[in-house]
Every structure is written in structure tokens, then in C-alpha cells.
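So the chains spell out like this:
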Amino acid sequence: MALSYPARKAIDVLARALCVLATLLALVPLVSVLVYVAKAGLGSIDWSFFSELPTPAGEPGGGMRNAIAGTLVLVGLACTIGIPLGVAAGVYLAEFGESRFAKVVRFSADVMSGVPSIAVGVFAYGVVVLSMRRFSALAGGFALGILMLPTVTRTTEELLRLVPQTLREGALALGVPKWRATLRIVLVTALPGIATGVMLAVARVAGETAPLLFTAFNNRFWSTALDRPIGSLPVQIYTYAVSPYDDWHRQASAAALVLVAMVLILNIAARLFIRVRGGAK
Amino acid sequence: MRSAPASRPGSKENVLRERFPRASGRRDAAEAPNDEPSAKMLAEDLVAYFGKSKALKGITLPIRSERVTAIIGPSGCGKSTFVRCLNRMHEVVPGTHVTGKVFLDGVDIYGAGVDPVRVRRRVGMVFQKPNPFPTMSIRDNVLAGLRLNGLRAGDADALVEKALRQVALWDEVKDVLGRSGTSLSGGQQQRLCIARAVALEPEVILMDEPCSALDPIATAKVEELIHELGDRYTIVIVTHNMQQAARVSHYTAFFYLGELVEYADTDSLFTKPANPRTEDYITGRFG
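Just so you know, the protein sequences line up as chains A and B, in that order. With our numbering, letter number 102 in the first sequence gets 102, and the count goes up by one each step, no holes. With our numbering, letter number 134 in the second sequence gets 1134, and the count goes up by one each step, no holes.
So here's chain A without its partners, still in its complex pose:
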């Protein structure tokens, strides 16, 4: 049955309207979270929030300097562990991964990306905290790094697979050894995508709370020592949000806003960096 032109036109308009509607609906939670966090947090953010340490309960004022620094330290540690290992594993899977062993690795990475983060925290507790006999930034960073691994590995692999085979052959045909062709041509070509994947992984772990509760623990004082407990925004938010003090509730909202902003800035910075590097030459 052939529909008339106006009928098909009408169906087209209807279908398109439904798509737009669905997109808008999907954006509602995202936008409302952002708006809510901003509204709740903006009022409580001032300079002292960044420059001061938490005050004892009941005493007004104070900031989260320790937690902000702590989150940066933890994310830095996680990147130090997660990015090199993840990228290397991704390169292995994409470029050399035809073996049985590679299939096992790939499967493990897929399973690992579904493991609840608190379970990873338990693992880090067992491996690092118990052997060091103390909560530490190291343990927290270790847990977050492991959480990053599967995402970074699989993104790297997927993006390397998108690099056309002809580029690899082009490099090999110039008499370039495979390892160097992989590093200098294949990896570089896929770099923007990999960086985006890494950013997503970073953004995810920056907001993790559960695995930090019994690894990095928390610290209300200034500390950047890697072998000591360290504060972090998510844990601080959690602690403050469940407290009975209004002042702390406000600070929790402010901390949530700062956390969201940090992730956002990180993302934008990465994108700019990629654009500058990719387009300069």
C-alpha cells in the first residue's frame, strides 16, 4: 500500500517530534540535577570554602580545602595506575590480541566493568589496607585505579580497532618495526578518542564514594601524605549530608557543586588539549 505524499510527510513530522520529545525527556534528569546542585551549592560557596579546613561540629564556617586536595591526589593516583596499565592492555588486545589469553583478558575486563565499586573497595582493603595496617591515600587511589582499568582498556581497544588497517600497513611498508608503528602511528591516530575515554573513566571514579570509605577513609585535617588517610569530596559530602547540622548540609551541597565543576573542567580541558594538539600542525 503506497501512502500519499502528505500522509508520509505527516508521519515524518510525527516521528521526528517523538524523537525530540524523547531527547528532551532524557535531558530532564540531567538538567534538574545540575540545576538543583547549582542552586543548593552556589549560596554556600565562598573563598573560605576552598581555603579553609573543616571546623569542629557546631562551629560555623570552615571549608573543604583538605577534601578538594584529597580528591585531586586520589584521582592522580588512580590515573597513575589506571591509564598506563589500561592503555597498554588495550594496545595488547587490539594489536596482538588473537590468542586465547587475550580473549580471557577481554572477558575479564568486561566482567570487571560490571563489578560493584564497593567490591573493588573490599579488594583494595584486603590487599593494601590490611598489609599496610592502616587506611591510606594509596589504598584509595589503588581502588579507583582498578575501577578505571576496564573502561580505559576497552575504550583503547575499541578505538585502536577503528584505526584503518591501511595505516598500519603503510607504516610497516616503510620498514618500520611493528612496535614503533603501533606507538607512533596507530596510537597517535587514536589518541583523541582514547583521551576522551580516559576522561570518562576519570569522571566516573572522581565521584566514587563507596570504595573510598574503607580505603582512603577520611581526614578532616590537611594531609597529602600517601600513606595516611586522606579526605575526599565524595566521602565528605556523604559525611556531611547524613549529619544533623544545617551548616554541614549546606557545605555538602557546595562540595557536590565543586565536584561536578571539577569533572566538567577536566572534560573541557581534555577536549581543548586534544583540539590544539590535533589541529596545530
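Everything labelled a hint here was simulated from the structure, so no lab data went into it. Cβ atoms here follow ideal geometry from the backbone N, Cα and C, with glycine treated the same way. Misleading hints may appear alongside valid ones.
[What the hints assert, rightly or not] The calculated DSBU-like cross-link candidates involving lysine-lysine, where the alpha carbons are at most 30 Å apart (straight line), are: (1) K1129/B - K1162/B; (2) K1057/B - K1129/B; (3) K178/A - K1052/B; (4) K1174/B - K1052/B; (5) K178/A - K1057/B; (6) K178/A - K1272/B; (7) K103/A - K1054/B; (8) K1272/B - K1221/B; (9) K1129/B - K1221/B; (10) K1052/B - K1012/B; (11) K1162/B - K1101/B; (12) K1174/B - K1162/B; (13) K1054/B - K1174/B; (14) K178/A - K1162/B; (15) K1272/B - K1057/B; (16) K1012/B - K1272/B; (17) K1054/B - K1012/B; (18) K178/A - K1012/B; (19) K178/A - K1129/B; (20) K103/A - K178/A; (21) K1052/B - K103/A; (22) K1101/B - K1174/B; (23) K1057/B - K1101/B; (24) K1174/B - K1129/B.
[Stated by the list, open to error] Residues of chain A placed beyond 10 Å of chain B at every Cβ, according to the derived structure: (25) P164; (26) L174; (27) L191.
[To be verified] For the chain B half of the interface with chain A, some residues (derived, Cβ under 10 Å), not all of them: (28) V1098; (29) K1101; (30) R1121; (31) N1149.
Assemble chain B onto chain A, guided by the hints.
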């Protein structure tokens, strides 16, 4: 003897000569048949496998020094596989292997202790689809072979200019050397890829259907280029286009179903094919 006036007007040779009028375009091709240039490369009983199936079933073929050798034949006849065996690119694909010998200056490149990476530096390759490195500028693409091999170009600017001039691309890109290699048109990209290969000063250049992704004008430019480079380099070109083979090559080999059917100087092969299957193919009866 090529165009003996005595031959009858409707003879097979004259019909073919009309069909491939430029088969004798390379005057130097067969002018001294007794003084053939030495073989730069020689394939001997070369068998190439994809898993268990044979893509080449025992090819023995010389590649003459500083001459253009064309490989023609229908799709799937093993042409590409053959050239990929000449610089050990065949084995890059998982599940493949090669038996037999390929000599380069008398040394078997499949011999024990031969590093395929070294072979590929001496035997360059240009692919079917232009594949400039997208992250590199035009200039860096030309220098890629040196840089990626950790070699220093003595005078990089001079080298870039020389290579780009050799492929007749210099005038078109000299003001935009910093632009990405992929910003060029398809034909320019392919010439850039040839420049990239030439910059390493290989002894042999393999071209696997270098014009199949190009329009007629770009094709003409690349052909002209092959024609010129053919005096200095040993070139092997795979092509679907018989006219192209007739135009650019000194020698032609006809492959069919993984076998070498006929090898002769281009003029003879296209005008006096010895094998009936060659004749059927070049007259368009199959393939």
C-alpha cells in the same frame, strides 16, 4: 619485426595493436631483447597461503632492474598477494604463510635470519587506497619513513622538496606543507604516498593498484609518474586496467587463479600473446 608491414590487415596482431595502441609506448621496452636488464628480484616457486588455501600456486617470475613490471589478471588471481610477498607484507595478515624463495639481489628474503623490516626498507610499497598518516602534515608524511625509522634527514627541507618534485606534487603543495596530509584530494594523496615511499630511496617500489581509487585525471598523473620513475627505480605495478599496464610497463605478467600464465615484454604480451588464456583475457572474453 613488431609491426611488420607484411602482416595481414585483419590479423590477430593488428587487431590487438589497435586495441593497445600504446603497448609499444615504451620504446625502450624491447628494443634490445638480447640485452635484458638483470633481475633485481626473482620469485622462485613462490606459494602463498591464506590458512590452508593457496593464493599463489608456485610462481617463478623475474623482476627486472630499473624497469616497470605490470601484473595483470582478473580479481582474486593472486596479483596483490604476489606483490605483498615481494616485501614480506603478506605475512602481516594473521593465518598466512609463504613457501618458496624470493631473491633480492641474489639473497633469499625468506631465508633464515632475514629481518622483514629491513626488506621493507629496500622494497617500498604504495597501496590501493591512498593512506597518508592523518596525524601528520604533508611535510611530515614525506619524512615519515625516515623519522619513524629513527633516521635523521640531513637536509629535511631539501629532501621534502626533492621527493615532492619527483612525484610532481611540489608545485601544488609547496605553500601548504604544514597542512594535514588528508586535506589533499585523492590523487594528490596517492602521489604523497608515492613521495613517502620514494623519500626512503628504496630499490624497488611495489604498487598495488595505485590508481583504482582515483579519477581519470589523477590516474593520468600517477601513470606519467610511474613512467618517469620507471627509468630509475625497479617498479612492480598491479593493475586491473590492461590499457594502463600497456601504457606504463616494460614487462607484463598475466596471472590467473594463482598461477602465472604468461610473462613477456609488454609489447609482445599484448600483441602476440603466446597463451590462448592470455589472449582471451586481454581481448575481454573473460575476467
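Against the structure, the hints come out as follows:
{"no.": "1", "hint": "K1129/B - K1162/B", "in the structure": "holds (24 Å)"}
{"no.": "2", "hint": "K1057/B - K1129/B", "in the structure": "holds (27 Å)"}
{"no.": "3", "hint": "K178/A - K1052/B", "in the structure": "holds (25 Å)"}
{"no.": "4", "hint": "K1174/B - K1052/B", "in the structure": "violated (49 Å)"}
{"no.": "5", "hint": "K178/A - K1057/B", "in the structure": "holds (29 Å)"}
{"no.": "6", "hint": "K178/A - K1272/B", "in the structure": "violated (45 Å)"}
{"no.": "7", "hint": "K103/A - K1054/B", "in the structure": "holds (29 Å)"}
{"no.": "8", "hint": "K1272/B - K1221/B", "in the structure": "holds (29 Å)"}
{"no.": "9", "hint": "K1129/B - K1221/B", "in the structure": "holds (16 Å)"}
{"no.": "10", "hint": "K1052/B - K1012/B", "in the structure": "violated (41 Å)"}
{"no.": "11", "hint": "K1162/B - K1101/B", "in the structure": "violated (35 Å)"}
{"no.": "12", "hint": "K1174/B - K1162/B", "in the structure": "holds (11 Å)"}
{"no.": "13", "hint": "K1054/B - K1174/B", "in the structure": "violated (46 Å)"}
{"no.": "14", "hint": "K178/A - K1162/B", "in the structure": "holds (28 Å)"}
{"no.": "15", "hint": "K1272/B - K1057/B", "in the structure": "holds (25 Å)"}
{"no.": "16", "hint": "K1012/B - K1272/B", "in the structure": "holds (8 Å)"}
{"no.": "17", "hint": "K1054/B - K1012/B", "in the structure": "violated (35 Å)"}
{"no.": "18", "hint": "K178/A - K1012/B", "in the structure": "violated (51 Å)"}
{"no.": "19", "hint": "K178/A - K1129/B", "in the structure": "holds (21 Å)"}
{"no.": "20", "hint": "K103/A - K178/A", "in the structure": "holds (21 Å)"}
{"no.": "21", "hint": "K1052/B - K103/A", "in the structure": "holds (24 Å)"}
{"no.": "22", "hint": "K1101/B - K1174/B", "in the structure": "violated (43 Å)"}
{"no.": "23", "hint": "K1057/B - K1101/B", "in the structure": "holds (13 Å)"}
{"no.": "24", "hint": "K1174/B - K1129/B", "in the structure": "holds (23 Å)"}
{"no.": "25", "hint": "P164", "in the structure": "violated (7 Å)"}
{"no.": "26", "hint": "L174", "in the structure": "violated (4 Å)"}
{"no.": "27", "hint": "L191", "in the structure": "violated (8 Å)"}
{"no.": "28", "hint": "V1098", "in the structure": "violated (16 Å)"}
{"no.": "29", "hint": "K1101", "in the structure": "violated (21 Å)"}
{"no.": "30", "hint": "R1121", "in the structure": "holds (3 Å)"}
{"no.": "31", "hint": "N1149", "in the structure": "holds (6 Å)"}
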